[in-house]
Amino acid sequence: VMTVTPLKKRLYRPTKNDSTDQVLGKVICSKLADGLELLPPNFHRIMAGVYQFGTRKIHISLQNNQPVVRVGGGYMIFPSFVKKYGRSECIKVQKHPG
Numbered sequence: 010v011m012t013v014t015p016l017k018k019r020l021y022r023p024t025k026n027d028s029t030d031q032v033l034g035k036v037i038c039s040k041l042a043d044g045l046e047l048l049p050p051n052f053h054r055i056m057a058g059v060y061q062f063g064t065r066k067i068h069i070s071l072q073n074n075q076p077v078v079r080v081g082g083g084y085m086i087f088p089s090f091v092k093k094y095g096r097s098e099c100i101k102v103q104k105h106p107g
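To convert a position in the sequence shown, counted from 1, into the numbering used here, add 9.
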């Protein structure tokens with residue numbers, strides 16, 4: 010039996026004094042640890058509440074101490090957002106780096 014390991018396990022380093030980023034870091038390390046390869050390689054904080062996620066800029070805030078992403082007129086919890094859009098954004102970034 011062969012096990013496939015993700016190409017790279019990246020540690021997300023949250024910004025100090027940013028509670029949203031701190032919670033987001035914990036979610037990435039715990040809930041997304043097994044699906045971290047779905048996080049686009051260019052995922053990073055641009056400024057408070059704004060992140061680069063592949064080719065899109067996303068807005069993340071906290072609701073009930075859970076990071077949520079603004080999607081259309083509503084919100085989606087961050088792990089669900091990553092599972093839904095992560096793979097396609099990883100592909101877009103690999104096709105058009107920079």
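No wet-lab data here; the hints were simulated from the structure. The beta carbon of each residue, even a glycine, is placed where N, CA and C say it ideally should be. A portion of the hints provided could be inaccurate.
Pairwise CB distance ranges (calculated) [to be verified]:
1. Asn74 x Gln103: 25 to 35 Å
2. Asn26 x Ile100: 32 to 42 Å
3. Lys25 x Lys104: 27 to 37 Å
4. Lys25 x Gly81: 11 to 21 Å
5. Asn74 x His105: 10 to 20 Å
6. Lys104 x Ser28: 29 to 39 Å
7. Asn26 x Lys101: 25 to 35 Å
8. Ser39 x Val80: 21 to 31 Å
Each hint tested on the structure:
For the hinted restraint 25 to 35 Å between Asn74 and Gln103, the CB-CB distance of approximately 33 Å keeps it satisfied. As the Cβ distance of Asn26 to Ile100 is approximately 34 Å, the hint placing it in 32 to 42 Å holds. The hinted range of 27 to 37 Å is satisfied by Lys25 and Lys104, whose Cβ atoms lie roughly 35 Å apart. At about 32 Å, the beta-carbon gap between Lys25 and Gly81 misses the expected band of 11 to 21 Å.
Between Asn74 and His105 the CB atoms are about 35 Å apart, so this pair departs from the stated range of 10 to 20 Å. At about 35 Å, the CB distance of Lys104 to Ser28 agrees with the hint of 29 to 39 Å. Between Asn26 and Lys101 the C-beta distance comes to about 32 Å, which sits within the given range of 25 to 35 Å. A hinted range of 21 to 31 Å holds for the C-beta pair Ser39 and Val80, which are about 22 Å apart.
In this structure, the earlier hints numbered 4 and 5 are contradicted, and the remaining ones agree with it.
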